[in-house]
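Student: Residue strings, one per chain:
Number of protein chains: 2
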Amino acid sequence: MANVALAGAYMTHFDEHWDKGLRDIIGGSLLGLAGAVDRNFDLSKIEAIYIGNAGAELFEEQAQLGAIAASCLHKNIPSIRIEAACASGGAALSVAAQAVRAGDYDTVVVLGAEKMTDVTAPSTVTSILSTALDEEWERQCGQTLAGAWAIMARSHMAEYCTTREHLASVVVKNHANGALNPKAQFQRPIPKEAVLRAPFVAEPLTVLDCAPISDGAAALLLTSAQRAHEFTDTPVWILGSGLATDSVAIHERVSTHSLLGTQIAGKRAFDLSKKTVHDIQVAEVHDSFSIGELIAIEDLGFFHPGKAGPATLAGDTALNANISVNPSGGLKARGHPLGATGVAQAVEIFQQLRNEAERRQVRDAQVGLTHNVGGTGGTCVVHILGLESGGA
Amino acid sequence: MANVALAGAYMTHFDEHWDKGLRDIIGGSLLGLAGAVDRNFDLSKIEAIYIGNAGAELFEEQAQLGAIAASCLHKNIPSIRIEAACASGGAALSVAAQAVRAGDYDTVVVLGAEKMTDVTAPSTVTSILSTALDEEWERQCGQTLAGAWAIMARSHMAEYCTTREHLASVVVKNHANGALNPKAQFQRPIPKEAVLRAPFVAEPLTVLDCAPISDGAAALLLTSAQRAHEFTDTPVWILGSGLATDSVAIHERVSTHSLLGTQIAGKRAFDLSKKTVHDIQVAEVHDSFSIGELIAIEDLGFFHPGKAGPATLAGDTALNANISVNPSGGLKARGHPLGATGVAQAVEIFQQLRNEAERRQVRDAQVGLTHNVGGTGGTCVVHILGLESGGA
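Residue numbers (this note's numbering), protein chains in the order written: chain A, 261 to 652; chain B, 261 to 652.
The hints are simulated quantities; they were obtained by calculation from the structure and are not laboratory data.
Incorrect hints may appear among the rest.
EDC-like cross-link-like pairs, simulated, lysine to aspartate or glutamate; straight-line CA separation at most 16 Å [as the list claims (entries may be wrong)]:
no.: 1; chain 1: B; residue 1: K335; chain 2: A; residue 2: E512
no.: 2; chain 1: B; residue 1: K280; chain 2: A; residue 2: E396
no.: 3; chain 1: A; residue 1: K280; chain 2: B; residue 2: E396
no.: 4; chain 1: A; residue 1: K335; chain 2: B; residue 2: E512
Bear in mind that the values here come from a model prediction, so they are computed numbers and not experimental data.
Input sequences plus hints: build the corresponding full structure.
Tutor: The structure is reproduced here in structure tokens:
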């Protein structure tokens, strides 16, 4: 896999930004990126944009976000919107890297953005999120995203004796990490009892097992290998990339307590990178619901099936434990503006590998992983990022 | 630009398919493609899918169409949805070609699909189409897609003395061509008087100046240069590709009677292909509204600004005239299932260059052009396709 570098990264504060529209958020992330690149960069150097966004037609009644993003620059450059529900950001990163590898551009920006509060469309957020389900087999029957993940949680519990305490330990860890992240939506720890006693959204998932509704954007500068050092002494390299799909409806899948998409995407990313789980010090995985993190770190191979719950409860995935999972706070505490999430995961790994993560810094992080899921697993995207380019 | 081949092409009948859902239409186009490739192809050879779709979240409340398309194959391959309003199909083609040029895949399918009838969402088609406008500056003020194109028509009339008869001559020509196309939604000629006397949607555009609401899908098999002849003796080559953006709101543009996006995308595609307008025998351009075709063939350089109306009225763009524009019937008569349109344009050029267009065949067609527009010009995509690969 030819080398593509991340030469700069930025994310806005993830929060409910009632005073900002989607265009403000996108523009803010581009300006932030301009300030965040180490040297020699200004917005006029952007040759193309790939923007991950899950639902602006529904949240703001605005399509064609590629053009909206490019017009923030007052340029007429190629700019395309990629949609894969909550995996839109990860998918946009994979497409942008292809464009650089194809030799079409040397400097490309990957954006991820979502404005979920202040919905103008005649829908609710829950109803909008349900478009990530299968319309014919799930949504029309009244299923919700939380309900579908709850089925997977129940299945995991039945298969592996996973408990609600295991699920809650994901939340407690991610809030502890989020408390160290100045860009996180929730910067406070919460006790396990609060999670266990919170009202159910879809049993066994309480409201505190669910990622919040968020506004925000994240941006990455991708460059060819030749150009990376023009912008920084410390590029981060895309060592491997995998994207896989599965049936959108969970009843059609081979398992309801694992994601085949994650397994396939993870294997491809690891194969391309010539790395294994043992090379990874830090991982940002998709915990839109707490059960998602347990399934992810099993499917990616960090833990044997059924072992992720006890391991998390034992602290093995805490900051600077065996493997640091979601040091940013994850979707749960950093926030989850849908299309921005996959890009923000890469922003976090970029900062971790460059030793810029301050109070949440993972020691000696050399290789990191991002894992982004659309809906309940219809689309899964895995990237392996490293400080060493690994030749090619 | 490294060579990428179209090795197969198929489109469904474009029509109102009240008996079919979006998934049926997508699956049907994949099965159709399998039957349409000359040899050695079956659906198991597809390595990745890029699907252009403008608004399934709004029309069917279904996001994540990449996964929906891949699951029609019961495979877990990479599959990503691209959205650029009505230019989604053209944008998907450009992204898919990049993926092949990047060396990631040898055989990729580009799909375009839209199901516009039988809307389940709490919206009307007109309101859904308006998401291609600028939400803040146009849509919230009550602007519609037809209204915005009507402003451009008025501007073109004021600048160049373009008349309603010029506009109507686009419609008459495209219906005459559509009458020769068994896949077209409208397979009957209409007289100029009918267009002029039809009720206004947005003056000066009558209902017959507007493309219809359609269901349909189109599919292309893209391969690397090495693999093309495995599937056919007569591949069609992507010689040039250009995609450009502009402000989504028309008041922010440099002109209201031309599209800078088309000009920039066209120049890039021509430059890459080393072709000029004089090399093109057949062009499929974006006539979602009749004025769109006039502006397109001026912006692409086939006619000087202001000359397209009189030229069309004089028959210079008719089948086998100086330049055959929209031999398929265009969006107007072939139909305009939004995301499918850009792909269907390439299907038409594929068939024309291979001398397979039967009664609407353009004589000695060697090089063709496709031109796809998002909304009112926020995204413009141009491809140049040819029988000779042109080296590289």
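Student: Hint by hint, note whether the structure agrees.
Tutor: Each hint, compared with the structure:
no.: 1; hint: B:K335 x A:E512; in the structure: holds (12 Å)
no.: 2; hint: B:K280 x A:E396; in the structure: holds (13 Å)
no.: 3; hint: A:K280 x B:E396; in the structure: holds (13 Å)
no.: 4; hint: A:K335 x B:E512; in the structure: holds (12 Å)
The structure shown violates none of the earlier numbered hints.
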